[in-house]
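Novice: These are the residues of each chain, in order.
Protein chains: 2
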Amino acid sequence: MHNETPLKGHISKRFDHELEDIRNRVLTMGGLVETQVNNGLKALLESDSATAKIVAESDYAINSLEVEIDERCVQILARRQPTAGDLRLVVAIIKTITDLERIGDQAEKLGIFELELIDEGASSSQFVKLEHLGTLVSNILHNALDAFARMNAEDALLTIAMDSKIDGEYEALQRQLITHMMEDPRNIRNTLRVSWCARALERIGDHATNICEYVVYLVQGRDVRHTDYASLTQTNDD
Amino acid sequence: MHNETPLKGHISKRFDHELEDIRNRVLTMGGLVETQVNNGLKALLESDSATAKIVAESDYAINSLEVEIDERCVQILARRQPTAGDLRLVVAIIKTITDLERIGDQAEKLGIFELELIDEGASSSQFVKLEHLGTLVSNILHNALDAFARMNAEDALLTIAMDSKIDGEYEALQRQLITHMMEDPRNIRNTLRVSWCARALERIGDHATNICEYVVYLVQGRDVRHTDYASLTQTNDD
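Quick note, the sequences are listed as chains A and B, same order.
Residue 72 in my numbering sits at position 72 of the first sequence, with consecutive numbering throughout.
Residue 14 in my numbering sits at position 14 of the second sequence, with consecutive numbering throughout.
Derived by calculation from the structure, the hints in this document are not laboratory data.
Careful: at least some of the hints might be erroneous.
For identical chains, the list gives no copy identity; a pair is met inside one copy or between any two copies.
[Stated by the list, open to error] With a straight-line cut-off of 25 Å between C-alpha atoms, the simulated PhoX-like cross-links for lysine-lysine are:
hint, residue 1, residue 2
1, LYS165, LYS53
2, LYS53, LYS129
3, LYS129, LYS165
4, LYS53, LYS109
5, LYS109, LYS95
6, LYS165, LYS42
7, LYS165, LYS109
8, LYS129, LYS42
9, LYS42, LYS13
10, LYS95, LYS53
11, LYS42, LYS109
12, LYS13, LYS129
This is chain A alone, in the form it adopts within the complex (with noise of 0.2 Å):
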């Protein structure tokens, strides 16, 4: 199929610089997203109003970012025509932004929920019980960046594997959270604000894992979406 012609050499060596490119950005917004939910969930454990208000305030260049990726990736699409892998990789891009930016999304309610408490001069104590269920989603999510950087299928399935935890962890924590709400009724509002912040990472959780599966997906060229994880990887229970 290479038919290496001094031209077709040229224009293959441009294409990759253009994929590499992309790649490079949708990096950089994985990045600035994995800011977004560390900065949500220290301004929620440590009470740290400004850097909830940086969180609250951040999500333009997540936003902006994604429409940018989706352009070039319409116009590689456009211009370039590729097949096979390559179209795989511009296809996997376009679902990954859109999975990146709701991340981001769910990132900025915690920024916009820690402020919302602080406005009202109520006590954060209870945001500490999202602390174990804030590492897995944070574990996740960086997790679910490294297999698209490094584009490794088998990572990503077990990295897919953990969201079994984060969902165990989410589930236990809301049965707590109806309890004290029982117990304490006048403080209903804020544990529901702990509840919903939960939530929001519960979600990051799901997005993380749909990211992985665009991942495995492009590198093993079989579509995971809807399917028995257990039946796929062997997951490590030590």
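Mind docking chain B on chain A? Use the hints.
Specialist: Structure of chain B alone, referenced to chain A:
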């Protein structure tokens, strides 16, 4: 650009046919999703356990359509290498089916929450509070699918403007539910379930809005995500 040799005409025709076939599958998927949402609402509002069961178990058809359409889109990109409007249509379809699938996930939750309630032998009387929000969401979804089917950017922009009404109704409902939880703490678990259903409905509205944004992008070639819609359309407030 249109070089109408018989061969070219033949290829275009087959291409148009393939594209039309994909578009029809998206409309089928949209129809399934709409049925799921309306059945989910029926199950909640009429305490209808048979319908709730159908909703809780019908997600697989939507999921498998998503995977199938996605694969057809990649194939058409690889084999036909569409450009301009056709390319944007394929990209818009790839995005649209992701949102349709997620609407299906949210509808499934409505069925599951209703079944949980029945299992616990709890009263479903509070679910009537969801009626107005449910009607708004059912309408926005219907309009979004209509705008997609007819590729009508004007209708899409008008539909996007409907989402702020949904957000307002959602916020009002949440405040009402919080008050109810404070007044009747023993019933918190059930009231929370109503709140989760409201959240699922609100997210369906968001996904419907996303679909409308893809239609605008497709027809007008401009990206309206992350912009102020008020500046794009005059809504009729009569």
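Novice: Could you figure out if LYS53 and LYS129 sit no more than 25 Å apart (CA to CA) within one copy, between two copies, both or neither?
Specialist: within (21 Å within a copy, 34 Å between copies)
Novice: With identical chains, the pair LYS42 and LYS13 could be close in the same copy or across copies; at 25 Å between alpha carbons, which is it: within, between, both, or neither?
Specialist: Neither: 43 Å inside a chain and 57 Å across chains, both beyond 25 Å.
Novice: Measure nothing new, just compare the shortest in-copy and cross-copy C-alpha distances for LYS129 and LYS165 to 25 Å and report within, between, both or neither.
Specialist: This pair counts as within: shortest intra-copy Cα distance 16 Å, inter-copy 34 Å.
Novice: If the cutoff is 25 Å on CA atoms, where do LYS165 and LYS42 land: within, between, both or neither? Let me know, please.
Specialist: within (21 Å within a copy, 33 Å between copies)
Novice: When no copy is named, should LYS165 and LYS109 be tagged within, between, both, or neither for a Cα gap of at most 25 Å?
Specialist: Both: 23 Å inside a chain and 20 Å across chains, each within 25 Å.
Novice: State whether the alpha carbon distance between LYS109 and LYS95 is at most 25 Å within one copy, between copies, both, or neither.
Specialist: Both, since 22 Å and 24 Å are each at most 25 Å.
Novice: From the Cα coordinates, with 25 Å as the cut-off, is the pair LYS53 and LYS109 best called within, between, both, or neither?
Specialist: For LYS53 and LYS109, the Cα distance is within 25 Å only inside one copy (11 Å; across copies 33 Å).
Novice: Could you figure out if LYS13 and LYS129 sit no more than 25 Å apart (CA to CA) within one copy, between two copies, both or neither?
Specialist: neither (51 Å within a copy, 60 Å between copies)
Novice: Between the shortest in-copy and the shortest cross-copy C-alpha distance, which are at most 25 Å for LYS129 and LYS42: within, between, both, or neither?
Specialist: within (13 Å within a copy, 37 Å between copies)
Novice: Measure nothing new, just compare the shortest in-copy and cross-copy C-alpha distances for LYS95 and LYS53 to 25 Å and report within, between, both or neither.
Specialist: neither (29 Å within a copy, 31 Å between copies)
Novice: State whether the alpha carbon distance between LYS42 and LYS109 is at most 25 Å within one copy, between copies, both, or neither.
Specialist: within (13 Å within a copy, 31 Å between copies)
Novice: Between the shortest in-copy and the shortest cross-copy C-alpha distance, which are at most 25 Å for LYS165 and LYS53: within, between, both, or neither?
Specialist: Neither, since 30 Å and 27 Å both go past 25 Å.
Checked against the numbered hints given earlier, this structure breaks hints 1, 9, 10, 12; the rest are met.
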